[in-house]
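*Asks:* Sequence:
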Amino acid sequence: MRDDDRPTLVTLVPDGYQTEYVGRLSDGRQFVLTWPFIMGRPAGGPTDFTAVYLFDSAGRFLDAQIQPLPVDLPSTGLQPFLDSRLAELGEVVGQRGTRELPSVLRAVG
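Residue 27 in our numbering sits at position 27 of the sequence shown, with consecutive numbering throughout.
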């Protein structure tokens, strides 16, 4: 694909499954937090991970932050890990999505 053919903007559309966390941060950046391929780990198999994709205020891609999940998730499951990833991003001031952000991460006012 030539550079001329590549899209310059991406629309972040929550799908109600693995892209439930989509929003805007207080500094104007946009984000999507996802966890593709959470299927368990057969011996020698792939590692599950979370991915945070960051975009500038106009929607241009900035960065991808990929983080492996702990080998043995605590009994509390995936949610605390996702909450931690969201908290690392900073203040969320707007969101699109099917799942409400944890109350400790929502902007006040």
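Incorrect hints may appear among the rest.
[Stated by the list, open to error] Now the in silico label distances, taken between C-beta atoms and shown as ranges: (1) S26 with P68: 38 to 46 Å; (2) G94 with A64: 31 to 39 Å; (3) G77 with P7: 31 to 39 Å; (4) L62 with D5: 28 to 36 Å; (5) G94 with F61: 30 to 38 Å; (6) D27 with D83: 29 to 37 Å; (7) D4 with Q79: 15 to 23 Å; (8) D4 with P70: 38 to 46 Å; (9) Q67 with P7: 19 to 27 Å; (10) G90 with D4: 28 to 36 Å; (11) V93 with A51: 36 to 44 Å; (12) G77 with G28: 16 to 24 Å.
Since the hints were derived computationally from the structure, they do not count as laboratory data. Here a beta-carbon is modelled for each residue, glycine too, at the ideal position from N, C-alpha and C.
*Asks:* Evaluate each hint against the coordinates.
*Replies:* Structure-based check of each hint:
Between S26 and P68 the beta carbons are some 28 Å apart, a value that contradicts the proposed interval 38 to 46 Å. A beta carbon spacing of about 21 Å between G94 and A64 contradicts the range 31 to 39 Å that was offered as a hint. At about 35 Å, the CB distance of G77 to P7 agrees with the hint of 31 to 39 Å. The hinted range of 28 to 36 Å is not satisfied by L62 and D5, whose Cβ atoms lie roughly 21 Å apart.
At about 19 Å, the CB distance of G94 to F61 disagrees with the hint of 30 to 38 Å. With their beta carbons about 20 Å apart, D27 and D83 fall outside the hinted range of 29 to 37 Å. In this structure, D4 and Q79 break the distance hint of 15 to 23 Å, their C-beta atoms being roughly 42 Å apart. In this structure the supplied range 38 to 46 Å holds for D4 paired with P70, their Cβ-Cβ distance being about 42 Å.
At roughly 26 Å, the beta-carbon separation of Q67 and P7 lies within the given 19 to 27 Å, and the hint holds. Distance hint check for G90 and D4: the Cβ-Cβ separation is about 35 Å, which falls inside the suggested range of 28 to 36 Å. In this structure the supplied range 36 to 44 Å is violated for V93 paired with A51, their Cβ-Cβ distance being about 21 Å. Under the hint 16 to 24 Å, the C-beta atoms of G77 and G28, about 32 Å apart, miss the expected range.
The structure fails to meet hints 1, 2, 4, 5, 6, 7, 11, 12 from the earlier list, while all remaining hints are met.
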